[in-house]
Amino acid sequence: MSARMIADKTVKYILFASAIISIIIVLAIGFFIFRESIEAWTELGVGEILFRTVWRPGQDQYGILAMIVGSVSVTFGAILLGVPLALGCAIFLADIAPSAVQSVVRPAVQLLAGIPSVVYGLFGMVILVPLVRKINVPGNSGYGLLAASIVLAVMILPTIASVAEDAIRAVPENYRHGSLALGATKWQTITKVVLPAGKSGIIAGVILGVGRALGETMAMIMVIGNSVIVPKPLSGNPLTFFLSQARTLTGNIAVEINYATGVHESALFATGVVLFGLIMIVNASARSIIRGQKFIEKAN
Amino acid sequence: MENRTSEIALIHKAQAQNLKKEKTRQDFWVAVMWLFGLITVSILVLVVGYVLLEGVKAINWEFLTTSPKGGLSGEGGISTTIGTTFYLVGLTLLVATPLGVGAAIFLIEYAGEQSLSSKFLRSLIGVANFAVETLAGIPSIIFGLFGYALFVSTLKFGFSLLSAALAGACLVLPTIIRTTEEALLTVPDDYRRGSLALGATKWQTLYKVVLPASIPGIITGIILSVGRVISETAIFYVTLGGSYRMPTSVLDGGRTLALHLYYLAMDTRAFDKAMGTGAVLVVMIILINLLIDLVSRKLTTGVRKVQ
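Line by line, the protein sequences give chains V and P.
If you read the first sequence in the numbering used here, its first letter stands for residue 809, the second for the next number, and so on.
If you read the second sequence in the numbering used here, its first letter stands for residue -3, the second for the next number, and so on.
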């Protein structure tokens, strides 16, 4: 075998090794995070961690239910605010905006995706939190679910908008032509034909947005207040729920990991395991919805 | 007959009314969609504009060229954090680029080969693709935890550039793989056949023909990754230590711009300096987006030339 043939084979094996490195990393992430969390699961018990709301490292109480509720609540708030805006933006970009306008709005959406989360966090602290504080309810500090949901809604907007736009664009032009030829207006065509046809991609975009929201860390720490409490309305008005402070799973890890030791540290890894599990379920469901379609790659 | 005509007239009238109603409804909703597009752009203008305008007040030559001095009011500038950011970006890409490009080449160019017909290898490639997708969806704090457990603690690299770069490489790996894959897919098969027909080996073909043709795509992936490392905070918050001195070796800790912003805002409440740091970050991200636009435009014209 000539030298260049040997080189050819060697290179192939090297490339093969780099191709499977992703598998190794995913397995290693699962392994190390789970390994570090074993101490907490065995010493405290699964129930004590998952179903207790009291997190007091000083007294060896490590319930993360409050953080689970916090993460879910802020994600819910962000979806509530962000999805209509993102879908509107996607419909606008795909079917309504003239191309000159598209070439302004689309880079804007891309840039929104690129802005560092600490910059969003800072903006939230300096602008949103003082605004929210003006709402006159006893116990309202400005920091809390409302400010965090607004920040998070903006952060997940690009993910949802770009996946949804792709889904809408993937609907064949013939569908639109057929509907218009039957005498439907453009808007009827969009709502009755295009959106139903692109439904699975749009839903996948929303779910990917949920994954993004659950995983966001620094911006959440900066505006959500970080109190370990199950969020509840501050007054008789149920809407004041969103003025309550909270802590997310991600924030719990980041705030405490640098000084935690022993069971405390292990409990933070257990928090990571729960977060990892949640995200895997969310992303897997998005993936199963759009199996065979290419939207997911763009979102990531 | 009389009756019939008036019935038809009624129907026409109803149709005209219905059309008018639908037209009004359409006008309304189209206006709403325009509003949504406008809101999105306004949000960007508001955030970027505010950070830039407020940040500029804190930025001067001294701010950019002196190192942070710590203290409760966040004294000093940001010089070492800029240096650390570039150091970390370089180190992360040094790890991630060869791995990512190599993985993409294998997944696109070799995965369909006849000699790979063994069932085990085929399923391994399926799993590899799945792993890339999974990596792309993992939140950065999980990479941080992983880096902390493996690189900082188990391998005893400590809070250091090395630990941070290795964890950061996991974050940008899927980006580099996906963009490189896309670039490889745009290279016409004729190129490969032509080169193979001339007697070149597969690797010679890839190295001399296919890779040069996909350079703009690979560069796009690298620039995207630069942006992600500059923006990333959570991973480095738990792996990089946070010292504001300039690292002199890969085993030293440090503080990137984004991390510095976080410490300023949360620990010192020096919001003016935090805004200044934020403005520097935003300018970097804008430049990176412009650069990507430029390169991808070059990519499309390149492909057009080919066809």
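Simulated from the structure, these hints should not be mistaken for laboratory data.
Quick caveat, the model's predicted, so the values are computed rather than measured.
Cβ coordinates follow ideal geometry from the N, Cα and C atoms, glycine included.
Just so you know, not all the hints are guaranteed correct.
Computed, partial: chain V to chain P, Cβ under 10 Å [unchecked claim]:
| # | residue |
| --- | --- |
| 1 | 827 |
| 2 | 977 |
| 3 | 979 |
| 4 | 980 |
| 5 | 981 |
| 6 | 984 |
| 7 | 990 |
| 8 | 992 |
| 9 | 1030 |
| 10 | 1047 |
| 11 | 1094 |
Straight-line C-alpha distance at most 30 Å; calculated BS3-like pairs for lysine-lysine [what the hints assert, rightly or not]:
| # | chain 1 | residue 1 | chain 2 | residue 2 |
| --- | --- | --- | --- | --- |
| 12 | P | 65 | P | 204 |
| 13 | P | 65 | V | 1007 |
| 14 | P | 53 | P | 65 |
| 15 | V | 994 | P | 19 |
Residues on chain V that point at chain P, a partial pick, calculated with CB under 7 Å [said to hold, decoys possible]:
| # | residue |
| --- | --- |
| 16 | 824 |
| 17 | 1063 |
| 18 | 1065 |
| 19 | 1081 |
| 20 | 1085 |
Results for each hint:
no.: 1; hint: 827; in the structure: 4 Å, holds
no.: 2; hint: 977; in the structure: 15 Å, violated
no.: 3; hint: 979; in the structure: 16 Å, violated
no.: 4; hint: 980; in the structure: 21 Å, violated
no.: 5; hint: 981; in the structure: 19 Å, violated
no.: 6; hint: 984; in the structure: 14 Å, violated
no.: 7; hint: 990; in the structure: 13 Å, violated
no.: 8; hint: 992; in the structure: 8 Å, holds
no.: 9; hint: 1030; in the structure: 6 Å, holds
no.: 10; hint: 1047; in the structure: 22 Å, violated
no.: 11; hint: 1094; in the structure: 8 Å, holds
no.: 12; hint: 65(P) / 204(P); in the structure: 51 Å, violated
no.: 13; hint: 65(P) / 1007(V); in the structure: 54 Å, violated
no.: 14; hint: 53(P) / 65(P); in the structure: 19 Å, holds
no.: 15; hint: 994(V) / 19(P); in the structure: 9 Å, holds
no.: 16; hint: 824; in the structure: 6 Å, holds
no.: 17; hint: 1063; in the structure: 9 Å, violated
no.: 18; hint: 1065; in the structure: 5 Å, holds
no.: 19; hint: 1081; in the structure: 9 Å, violated
no.: 20; hint: 1085; in the structure: 11 Å, violated
When each numbered hint is compared with the structure, violations occur for hints 2, 3, 4, 5, 6, 7, 10, 12, 13, 17, 19, 20.
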